[in-house]
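Engineer: Sequence:
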Amino acid sequence: MSSDDGTAAIAVAAETNKGGFRFAGAVAGIGSGLTKTAVGHGFDTIKTRLQCSPPGTYNGAIDCLMKTVRNESVFALYKGASPPAVAWALTDSILMGSLYNYRLFLLNHGGSGIVESYFDTSERTERKRLSILGHAIAGLFAGWTSSPAAQPMDILKVNLQLQFQRTQAGRQFSGPIDAAKKIMKTRGILGIYTGFGTQVLFRSNFFWMFGSVEVYMRLFDRLRGTPLEMNTSMSTFVSGGMAAFTYWAFGIPIDNVKNRILSTPLSSPIPSAAQVARHVYRTQGWQGFYAGFVPVVLRAFPVNAAAYFVYESLMKALGAEKTRS
Numbered sequence: 001m002s003s004d005d006g007t008a009a010i011a012v013a014a015e016t017n018k019g020g021f022r023f024a025g026a027v028a029g030i031g032s033g034l035t036k037t038a039v040g041h042g043f044d045t046i047k048t049r050l051q052c053s054p055p056g057t058y059n060g061a062i063d064c065l066m067k068t069v070r071n072e073s074v075f076a077l078y079k080g081a082s083p084p085a086v087a088w089a090l091t092d093s094i095l096m097g098s099l100y101n102y103r104l105f106l107l108n109h110g111g112s113g114i115v116e117s118y119f120d121t122s123e124r125t126e127r128k129r130l131s132i133l134g135h136a137i138a139g140l141f142a143g144w145t146s147s148p149a150a151q152p153m154d155i156l157k158v159n160l161q162l163q164f165q166r167t168q169a170g171r172q173f174s175g176p177i178d179a180a181k182k183i184m185k186t187r188g189i190l191g192i193y194t195g196f197g198t199q200v201l202f203r204s205n206f207f208w209m210f211g212s213v214e215v216y217m218r219l220f221d222r223l224r225g226t227p228l229e230m231n232t233s234m235s236t237f238v239s240g241g242m243a244a245f246t247y248w249a250f251g252i253p254i255d256n257v258k259n260r261i262l263s264t265p266l267s268s269p270i271p272s273a274a275q276v277a278r279h280v281y282r283t284q285g286w287q288g289f290y291a292g293f294v295p296v297v298l299r300a301f302p303v304n305a306a307a308y309f310v311y312e313s314l315m316k317a318l319g320a321e322k323t324r325s
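Just so we're aligned, residue 1 is where the sequence shown starts under the numbering used here, counting upward by one.
To be clear, the hints were calculated from the coordinates, so they are not data collected in a lab. Fair warning: there could be bad hints in the mix.
[Stated by the list, open to error] What follows is a list of derived Cβ distance ranges for each label pair: (1) F245 x S112: 28 to 36 Å; (2) P148 x A38: 19 to 27 Å; (3) F245 x P148: 22 to 30 Å.
Since the model is a prediction, treat every value here as computed from it, not as a measurement. Glycine included, every Cβ here is placed at the ideal spot set by N, Cα and C.
Construct the entire structure; sequences and hints are all you get.
Structural biologist: Structure follows, in structure tokens:
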């Protein structure tokens, strides 16, 4: 083969690589989802109980933790863990897989404000990259894409977490399959999607999550050559953790409304998001929208830092095409 033929072949291969759906992000997302379950489910149980239990049941996160462990054993913290163990692997596969592909699509087709030029000092050439807004929009689209898969896991998890009985005998649901059957028997096959609109609104906050990840990564890039310089692994870990604080600062009010709708007793009519919001404000004030904030903050950094680190590490190991500078 001549050198011209070889150059042409390389060009064709490069052009071919621009199309199609990349699966590296989906595979790496499975690892991210399983990491979230292992590190964070206990915190999530405390958060859900603080949000959905009658006022006065617990005097804060520590009281909730102590009463849960004392009355139901430490394993109660992992009630409802099997749905997220399976479904978080699925939803993070969809979330992170679609995020990766939305980033690539916007990088190749985005216009002004979405794609920007920068000077690569290591190779001394000008390149293009997604802007912070571009990363945020990719996160928004990924959140919407993953919402249909996240909803069934969420409604099962919330209802299982709110069973306070120590043994199976007095519980309404014996497990996730039983919960799914009873919900669909009472509310129809689409009953598992009760409150889906609030799910979509809640997961829209991935706009803030992945926009802020890029903000933090760029800030840490500026520390190169200083005593505070971080290697790529550490900056990825810290950026993922810090971005989680941004995500929850915007997301916990709608999370409160969502969880209260999802946990509506099967014998009761399903309230609208506006009705729930009015009830929360009338009975608890604006603070009611931030119920469960303490366990969320304690959970946010280690869970998301570990999950994002696992995701990026797997992407690197899989040789995925780069979507950021």
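Engineer: Quick check: which numbered hints come out false for this structure?
Structural biologist: The structure conflicts with no hint, since it agrees with every one listed earlier.
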